[in-house]
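2 protein chains.
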Amino acid sequence: MPKQIDHKKRRRQIAEATWRVILKRGMEGASARNIAKEAGLSLGALRHYFPTQDDLLDFAMKLVQEKAMARIQDITMKDLPPKEKVLHILLEIVPTNEETIREMEVWFAFTVYARHKKDMYDANHDGIYSGMRKLIAYLDEFDLLKQGVDKDIEAERLYALIDGLALHAMLDPVRVNKERINRVIMQHVESICVEEIYETEGKKFNKAVKGNGSNHQV
Amino acid sequence: MPKQIDHKKRRRQIAEATWRVILKRGMEGASARNIAKEAGLSLGALRHYFPTQDDLLDFAMKLVQEKAMARIQDITMKDLPPKEKVLHILLEIVPTNEETIREMEVWFAFTVYARHKKDMYDANHDGIYSGMRKLIAYLDEFDLLKQGVDKDIEAERLYALIDGLALHAMLDPVRVNKERINRVIMQHVESICVEEIYETEGKKFNKAVKGNGSNHQV
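The listed protein sequences derive, respectively, from chains Y and V.
FYI, the numbering for the first sequence is 80 to 297, going by the numbering used here.
FYI, the numbering for the second sequence is 80 to 297, going by the numbering used here.
Calculated from the structure, these hints are not laboratory results.
Being a predicted model, the structure only gives us computed values, none of them experimental.
A couple of the hints might just be wrong.
Note that identical chains are pooled: a pair holds if it fits in a single copy or bridges any two copies.
[What the hints assert, rightly or not] Computed cross-link-like contacts, EDC-like style, restricted to lysine to aspartate or glutamate with a CA-CA straight-line distance of at most 20 angstroms:
{"#": "1", "residue 1": "Lys116", "residue 2": "Asp153"}
{"#": "2", "residue 1": "Lys225", "residue 2": "Glu269"}
{"#": "3", "residue 1": "Lys82", "residue 2": "Glu182"}
{"#": "4", "residue 1": "Lys230", "residue 2": "Glu269"}
{"#": "5", "residue 1": "Lys225", "residue 2": "Glu274"}
{"#": "6", "residue 1": "Lys88", "residue 2": "Asp251"}
{"#": "7", "residue 1": "Lys257", "residue 2": "Asp231"}
{"#": "8", "residue 1": "Lys257", "residue 2": "Asp229"}
{"#": "9", "residue 1": "Lys116", "residue 2": "Asp134"}
Next comes chain Y alone, as it looks inside the complex (with noise of 0.2 angstroms):
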């Protein structure tokens, strides 16, 4: 294997094997030495990828973010009405397997981490507010938000309840369960949105979920 990429894939297992770590000891057993023997390496080879523990953490968490949004931006590329592509994006943002669970809770134990390094700080890191400001807007071009609706605290509101949600889905994963998280994002969206739309095509919205309206998109 050519010198980069090696480099390129063994620092990604090393993410990987902090992820794991972080899983099951938290922040605090995510010191250099666990996670050099959680990915087999000496602690001299870890630095070589990683010269501080800030260097790997950072990809690390980089590393999570990227993958959901690779998988938001499938959702974005699909062929599907305003609505319910605002609502598959919604869906795939709050975790609902063990999978996204998982690396919510990496992600969160980071975040928590973060807020006591200065430097390593940014409220808005993971791009979810400005995503869901982007959400307000796009149902808004299709005129689907209800009238007289206040965009801006529309999309503060829908930020707390996606993380809230989130929050819960890891914390609580039994109640909050992928059903109990689709109905609670349903009525939501539903409360914002006007019905009329989908009425004038003679189909009620939970129909449109599960497919069709395709031309509401342009």
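Please build the complex by placing chain V on the supplied structure of chain Y, with the hints as guidance.
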């Protein structure tokens, strides 16, 4: 001072020292040694009051919760119209000043930490979810909920919204400030409640907090 009272007071002082350490260094810095130092005690003296670290953390967290509960209790005792009471309680749960943001931060760090300690963790430890269920039931009792509302899902949605807002108030207090939190919560409560009630009481509820009706946003 009688010995019993002194013992209680000292435990409280140690709990407060624990909060300060967590705020400064995160949970990973909340060692017995650091806490003893912050409290001005020897390690032996600390262990006299709290035989184990888990005892200490558990007590420190219960104290955060008690403080929050006491503030909410104060509101529930007030003579306010039901919707206004609900709004005030919600606005008390979401941290909007330095003291409550600090409490939230301690609580949050602890929650993440406790995830990795099996016996310590209870997803409903803070009682907020059951509180949200009670608030929705309370609004329903006064016929304030819109017709056809699914109370179970509304409680879950309100819980997610409140915890998400609390999280954001902590992580990004400049944007998610008191005024903005007010607007989001107002908007939410209005969206699930009927409007008529306040007119029969000769009181416009919105005035009590800010602005009026669905057009206060521009």
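- Message: Regarding Lys82 and Glu182, is the shortest C-alpha distance of 20 angstroms or less found within a copy, between copies, in both, or in neither?
- Response: For Lys82 and Glu182, neither the intra-copy (29 angstroms) nor the inter-copy (49 angstroms) Cα distance is at most 20 angstroms.
- Query: How would you classify Lys257 and Asp229 at a CA-CA limit of 20 angstroms: within, between, both, or neither?
  - Reply: So Lys257 and Asp229 pass the 20 angstroms test across copies only (17 angstroms; inside, 29 angstroms).
- Task: Could you figure out if Lys88 and Asp251 sit no more than 20 angstroms apart (CA to CA) within one copy, between two copies, both or neither?
- Result: neither (34 angstroms within a copy, 35 angstroms between copies)
- Give the relationship of Lys257 and Asp231 under a CA distance limit of 20 angstroms: within one copy only, between copies only, both, or neither. between (28 angstroms within a copy, 15 angstroms between copies)
- Message: Treating 20 angstroms as the Cα threshold, decide for Lys230 and Glu269: within, between, both or neither.
- Response: Both. Shortest intra-copy (15 angstroms) and inter-copy (16 angstroms) distances satisfy the 20 angstroms Cα cut-off.
- Message: Within, between, both or neither: how does the pair Lys116, Asp134 come out at a Cα-Cα threshold of 20 angstroms?
- Response: within (18 angstroms within a copy, 31 angstroms between copies)
- Task: State whether the alpha carbon distance between Lys116 and Asp153 is at most 20 angstroms within one copy, between copies, both, or neither.
- Result: The answer is neither: 35 angstroms in one copy and 52 angstroms across copies each exceed 20 angstroms.
- With identical chains treated as interchangeable, where does the CA-CA distance between Lys225 and Glu269 reach 20 angstroms or less: within a copy, between copies, both, or neither? both (10 angstroms within a copy, 14 angstroms between copies)
- Between the shortest in-copy and the shortest cross-copy C-alpha distance, which are at most 20 angstroms for Lys225 and Glu274: within, between, both, or neither? Result: close both inside a copy and across copies, 9 angstroms intra and 17 angstroms inter.
Hint compliance for this structure: hints 1, 3, 6 are broken, all remaining hints hold.
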